[in-house]
Amino acid sequence: MIARRFPVFAQGLRDRRKSLVWWSLGVAVYIGIIAAMWPSIQGAAGLDDIMSQLPQPLLDLMGASDFDISTGAGYVSGELFGFMIPMFMLILTIGAGAAAIGGAEERDVLDLLLSHPIRRRRVMLQSAAVIAVGALIFAAVVTATLAIATPLADLQIEFSHTVGASFGIAMLGIAMGWVALAVGASTGSRSLALAATGSLAAITYLARSLSGLVDFLHSVKWLSPFFYANDRAPLENGYTWWHALVLAGVGVVSLAVGSILFDRRNLAS
Amino acid sequence: MGASVVRATGLTFAYRGGRGVTGVDLDVTRGEVFGFLGPNGAGKTTTIRVLLDLIRPSSGTAEIFGLDSHSDSLAIRSRCGYLPGEFTLPATLTGVQVLDWFSSLRPATPPVRRDELVQRFDVQLDRPMKQLSKGNRQKIGLVQAFQHSPELAILDEPTSGLDPLVQDEFHRFIRGYAEEGGTVFLSSHSLDEVQHTADRVGIIRDGNLVTVESVDELRHRGVRRVSLTVAEGTGPQLEASLRSLSGIDGVTRRGDVFDFVVTGEYAPLLKGLSDFPVLDMLSRAADLDEVFLALYRGLDE
Chain P
0 MIARRFPVFA QGLRDRRKSL VWWSLGVAVY IGIIAAMWPS IQGAAGLDDI MSQLPQPLLD
60 LMGASDFDIS TGAGYVSGEL FGFMIPMFML ILTIGAGAAA IGGAEERDVL DLLLSHPIRR
120 RRVMLQSAAV IAVGALIFAA VVTATLAIAT PLADLQIEFS HTVGASFGIA MLGIAMGWVA
180 LAVGASTGSR SLALAATGSL AAITYLARSL SGLVDFLHSV KWLSPFFYAN DRAPLENGYT
240 WWHALVLAGV GVVSLAVGSI LFDRRNLAS
Chain V
0 MGASVVRATG LTFAYRGGRG VTGVDLDVTR GEVFGFLGPN GAGKTTTIRV LLDLIRPSSG
60 TAEIFGLDSH SDSLAIRSRC GYLPGEFTLP ATLTGVQVLD WFSSLRPATP PVRRDELVQR
120 FDVQLDRPMK QLSKGNRQKI GLVQAFQHSP ELAILDEPTS GLDPLVQDEF HRFIRGYAEE
180 GGTVFLSSHS LDEVQHTADR VGIIRDGNLV TVESVDELRH RGVRRVSLTV AEGTGPQLEA
240 SLRSLSGIDG VTRRGDVFDF VVTGEYAPLL KGLSDFPVLD MLSRAADLDE VFLALYRGLD
300 E
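Same order as they appear, the protein sequences are chains P and V. Using numbering that gives the first Met the number 0, you'd call the opening residue of the first sequence number 0 and step up by one each time. Using numbering that gives the first Met the number 0, you'd call the opening residue of the second sequence number 0 and step up by one each time.
Because the hints were derived from the structure by calculation, they are not lab data. It is possible that some hints are incorrect.
To be verified - Footprint (simulated), chain P over chain V, 3 or more residues, beta carbon under 8 angstroms:
1) 43 to 51
2) 67 to 79
3) 94 to 106
A virtual CB, placed ideally from N, CA and C, is assigned to each residue, including glycine.
With the hints as extra help, turn the sequences into a complete structure.
Right under this line is the structure:
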């Protein structure tokens, strides 16, 4: 059984079950509302005119410059996939990553856990698996909700694009969640893991959004993890699947480094 | 003497800021209850955490079951049970769920003693941890440390938060556990507790192991605090005489009332007092600091 072979994984999922259900419910409702508004927005005359009159920097900041907002896919990209859903995802995974080991240490849980015959590396890997499964479940809920809403609101988004775009965001969440896990495990501080990873996400998001405006940022936009989650408007054009490998690489390297540092460290009492 | 279960040699761990332990040597044998006694912050928890590989010594070695505390930690931990001094149990899980969770981390050793322990300590299994009192959570901690019948139980201040009746029951339990061949490493800041349970006692202070002796030896030291009142006006005269007696330490005087610590036998004191008009004499067990003071004086001499 899973619980016998992977106790930390099983317990971690059980711990996060409730919050995952609520987050999923929340995002489903949110997607539903955004989708429900589409028919009236689509019908509103002059939306394109308004958008084209907005200054480019504002559009960039809104994350809307990459999308043609007069189409269903562009609208959903701008309203959901450009900012809100990645943010939901990152709060979920970075929170889980920072809490898993750094948080456990601060809550006086880790000593007792690691006094049992289980390697620190295994605790780390099973915690990472909890984050990944959580992100994929959340992405699946996003995919399912949007797939149901697409015909109802006449959004005209291809199902494979929905899957790809959601998957890209899941991979972004997993990568950043694993970074947070690694920072927490190598420092023993949940707040440091939250702050470091949260700032990293905020800075790379901003850099990516402004890359259309600033030449320098444009030339280094491939450094931002957000680039690998939603470059080339995946809802409209399909996800660039190999980008997932880059995000996976970031996550795996973080895990490996974090695991080595965790293994060598004296735990805080 | 049985086989060595815990052996530390020159164990040193330095925290930033100066706390830690320095050059601790320990030898605990099978079937023994070893009391590890010291005030808070003396280095008891630090030593224990080295044994379990939660922290690594800056120098010295620790061996458990003859295995290296760091490189063979996994094998060691599968044969140990541990009750930390500070721990948090999952707030929403019930007692059964918590005990199952800890069992799942030890697939090789099923919880054969759980039912017996639960009955013996009247543990509440059906309520979530957040609804339990500190004492009842401590009992869950005790059960998880012993439920798989470990060869060595490492307990950090195990009776904190337990009511006195449960403490007594627990002391009987670990005596029995050692008689069945188990080994118990018990840290405590209570001289009383250690005297009631341990075969031998290691006393640690400021990170240094001051002494290791049998409980009988410790009892023989019999450190007591005494308050003495003599007739008006005879105080100053007695003071000089008191200070010259052997086994008397820390004499303070307020008028005709004295406070001091007696180590060992009372006979010299009583002889010395025989010519004085004693009105009242109160004697009680000294607290740990006073025992330490007496011990230090004894070691210095």
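Checklist entry - Of the hints given before, which are not true for this structure? => result none
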